[in-house]
Amino acid sequence: MIVEERLELGRLVTFIPNKHIPIHNWLTYKEGFSRDFVVLVCRQLGLEEGSWVLDPFCGVGTTQLTGKELGINTVGVDVAELPVFVSRVKTANYDVNKLREVSKGVFSEKFRRHSLSGLSRLVRRAFPRHVLEDVLFFREIVENIEDETTRGFFKLGLISAAMKSSYVFKDGGVLKIVKEKNVPPFRKFYRNRIRRMIKDVEASRMLNPTVVTIKADSRRLGFLGDETFDAVITSPPYLNKIEYTRVYSIENELFFKGSEPMLRSYIGDTVRNEECFENVGGMPAVAKAYFQDLRMVLSELHRVLKKNGVGVFVIAQGVFPTGVVETERIFVEIAEEIGFETERLWLVNRRVATRDRVVKIGYADEYVVFTRKK
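Numbering (my numbering), first residue to last: 1 to 374.
Heads up, a few of these hints could be off.
[Claimed, not checked] Pairs of lysine to aspartate or glutamate, DMTMM-like flavour, derived with a Cα cap of 25 Å:
no., residue 1, residue 2
1, 288, 217
2, 30, 326
3, 170, 180
4, 257, 146
5, 307, 49
6, 215, 226
7, 155, 95
8, 164, 200
9, 374, 227
10, 19, 69
11, 288, 356
12, 170, 253
13, 104, 140
14, 98, 147
15, 307, 227
16, 199, 147
17, 19, 36
18, 288, 31
Calculated from the structure, these hints are not laboratory results.
This structure is a prediction, so every number in the text was calculated from the model and none was measured.
Assemble the whole structure, with the sequences as input and the hints as a guide.
Written as structure tokens, this is what we have:
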């Protein structure tokens with residue numbers, strides 16, 4: 001097993017480069033890697049048109065959208081409704097003329113005020129009143145668009161425009177309400193967002209491979225056949241890192257009726273009773289549960305990969321008050337027990353790990369792990 005220091009790639013395993021790439025930037029999503037990382041890995045593995053790639057933690061569809069660009073067949077799986085929706089919208093095929101026609105209708109509608117009484121205090125605090133009223137007005141219009149694909153396009157534009165026009169600042173796993181933030185006039189901002197998205201579609205030069213996104217738990221991939229995929233490219237949820245429910249609670253309440261799984265730190269959509277936050281055998285119980293879930297996922301990935309298929313995983317060490325958990329080491333041990341061979345690790349990021357935000361307890365490293373099915 002080779003360990004290489006590749007710190008120059010650290011930015012590529014973040015979502016930041018996607019902020020400047022059309023379609024990829026339709027919704028900013030911190031929990032993801034970049035299009036350029038997927039391109040790099042596909043070249044590294046020699047994947048080409050017609051290859052099959054699985055991303056079992058697909059987030060907002062970076063792997064699928066990049067696969068569409070490269071002609072690579074992709075299947076993305078995620079347990080959360082918001083990222084599955086975004087993935088499907090970003091990878092859909094559109095009729096530009098139809099989008100323009102629907103846009104004229106949407107923005108010619110006369111404003112109708114909606115009651116805010118059914119909304120949570122958090123959502124009411126997150127927006128200026130006039131913006132929130134506009135968001136609810138356009139939400140009703142978009143929900144009545146007959147064609148599902150077109151409706152999804154305008155809904156994603158609305159979600160993105162709404163959050164850009166809010167007081168919300170996402171700081172790690174915390175939502176902050178910053179009322180000093182400048183908020184643009186919403187109707188104009190939403191219209192401009194849709195215009196830009198239509199231009200992105202018009203300018204895109206995508207190929208036509210198979211692209212599928214499925215809302216499911218990656219511990220149980222029974223709907224996928226044995227030895228189907230040439231490669232897995234993914235970033236499993238980071239141990240003890242981001243809470244989906246809190247960070248995306250506003251989007252979920254406004255656009256997805258508020259239903260979401262519990263924590264990103266858990267792999268699936270259920271949490272077992274024994275998964276409490278106390279130390280057991282030197283490792284927090286939440287970490288033990290995390291690795292139990294990872295074992296289930298890796299077993300499924302081993303099954304669906306072709307012989308000699310490669311799994312590429314972005315893995316970060318976990319930080320607890322008691323110290324740093326070497327996630328990559330335990331991940332490799334589990335993978336090899338299941339039947340993978342670890343070929344190399346790239347060290348791509350090294351960050352100071354702190355307790356109580358000020359007490360340094362070491363470093364938390366981030367790796368890209370390359371494994372091969374024997």
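These are the hints, each one checked on the structure:
1. 288 <-> 217: Holds - the C-alpha atoms of residue 217 and residue 288 are around 19 Å apart, at most 25 Å.
2. 30 <-> 326: OK: residue 30 and residue 326 at ~22 Å, within 25 Å.
3. 170 <-> 180: Status holds; Cα separation ~15 Å.
4. 257 <-> 146: holds (20 Å)
5. 307 <-> 49: holds (19 Å)
6. 215 <-> 226: holds (19 Å)
7. 155 <-> 95: holds (16 Å)
8. 164 <-> 200: Holds: residue 164 and residue 200 sit about 19 Å apart, inside 25 Å.
9. 374 <-> 227: holds (12 Å)
10. 19 <-> 69: The hint holds at about 17 Å.
11. 288 <-> 356: Cα-Cα ~22 Å, so holds.
12. 170 <-> 253: holds (16 Å)
13. 104 <-> 140: holds (16 Å)
14. 98 <-> 147: holds (10 Å)
15. 307 <-> 227: The hint holds at about 7 Å.
16. 199 <-> 147: holds (20 Å)
17. 19 <-> 36: Status holds; Cα separation ~12 Å.
18. 288 <-> 31: Distance ~22 Å between residue 288 and residue 31 Cα, so the pair holds.
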